[in-house]
Amino acid sequence: DAMVIQNPRYQVTQFGKPVTLSCSQTLNHNVMYWYQQKSSQAPKLLFHYYDKDFNNEADTPDNFQSRRPNTSFCFLDIRSPGLGDAAMYLCATSRDLPTGSGYNEQFFGPGTRLTVL
Amino acid sequence: AQSVTQLDSHVSVSEGTPVLLRCNYSSSYSPSLFWYVQHPNKGLQLLLKYTSAATLVKGINGFEAEFKKSETSFHLTKPSAHMSDAAEYFCVVPFTGGFKTIFGAGTRLFVKA
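Same order as they appear, the protein sequences are chains B and C. Reading the first sequence from the start, the letters are residues 1 to 117 in this note's numbering. Reading the second sequence from the start, the letters are residues 1 to 113 in this note's numbering.
Derived from the structure by calculation, the hints contain no laboratory data. For clarity, every value in this text was computed on a predicted model and none was experimentally measured. Mixed in with the good hints, there may be bad ones.
Computed list of lysine-lysine pairs in PhoX-like fashion (alpha-carbon distance at most 25 Å, straight line) [what the hints assert, rightly or not]:
hint: 1; chain 1: C; residue 1: Lys-42; chain 2: C; residue 2: Lys-69
hint: 2; chain 1: B; residue 1: Lys-44; chain 2: C; residue 2: Lys-42
hint: 3; chain 1: C; residue 1: Lys-42; chain 2: C; residue 2: Lys-100
hint: 4; chain 1: B; residue 1: Lys-38; chain 2: C; residue 2: Lys-69
Label-pair distances were calculated between CB atoms; the ranges are [claimed, not checked]:
hint: 5; chain 1: C; residue 1: Pro-18; chain 2: B; residue 2: Pro-18; range: 21 to 31 Å
hint: 6; chain 1: C; residue 1: His-82; chain 2: B; residue 2: Thr-20; range: 30 to 40 Å
hint: 7; chain 1: B; residue 1: Pro-61; chain 2: C; residue 2: Ala-1; range: 16 to 26 Å
hint: 8; chain 1: C; residue 1: Ser-12; chain 2: B; residue 2: Gly-84; range: 25 to 35 Å
Cβ coordinates follow ideal geometry from the N, Cα and C atoms, glycine included.
Please construct the entire structure, taking both the sequences and the accompanying hints into account.
Have a look at this one:
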């Protein structure tokens, strides 16, 4: 089945120790997103890629970086995790906006829960 | 500016009774709208979407939603709740002119036996 895969599902890191989360997709979608979701809150968009075109949200901290080496893979790098970065990180994909037929939905991976000690 | 408001942070129903999760949107034109469900420690799954083809939209697991332009609402309903429906539900509207989406704050649905 076509899907969005995130690894690992659970990640524990130490305060200040860099960590990388990965996302892969078999849907061949052009657009990939990274969200941060804290407990009992809605997902918050960090950035998205349209093909290789990177789009950062204005309030995304510099501590968060992303790479998309090809269509299938996207990585989230947290350079110096703080206690406040503990959260669920969700990867999602979508197709291009089709002409005149509304907006396509996003397909989400299962998420990576990050714990910072 | 576009926005979406979920009117209830928590809803509690008994198994077998109807479910109503309320969502109001603000937009200068007729938008697309989505409902997603998130079970604990899982990703989000699309329940249904409105894209102006029909105002009554049927989704998965027996859920449906009706788009009412006059009331700027897109409420989610299900005739009979099941224990497995207990989850967080998000009403979502795409941001005009880009790929971003605007999430409601979410409604936690509790289902009592």
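Which of the numbered hints are not met once you compare them with the structure shown? Checked against the structure, the hints that fail are numbers 1, 4 and 5, while the rest are satisfied.
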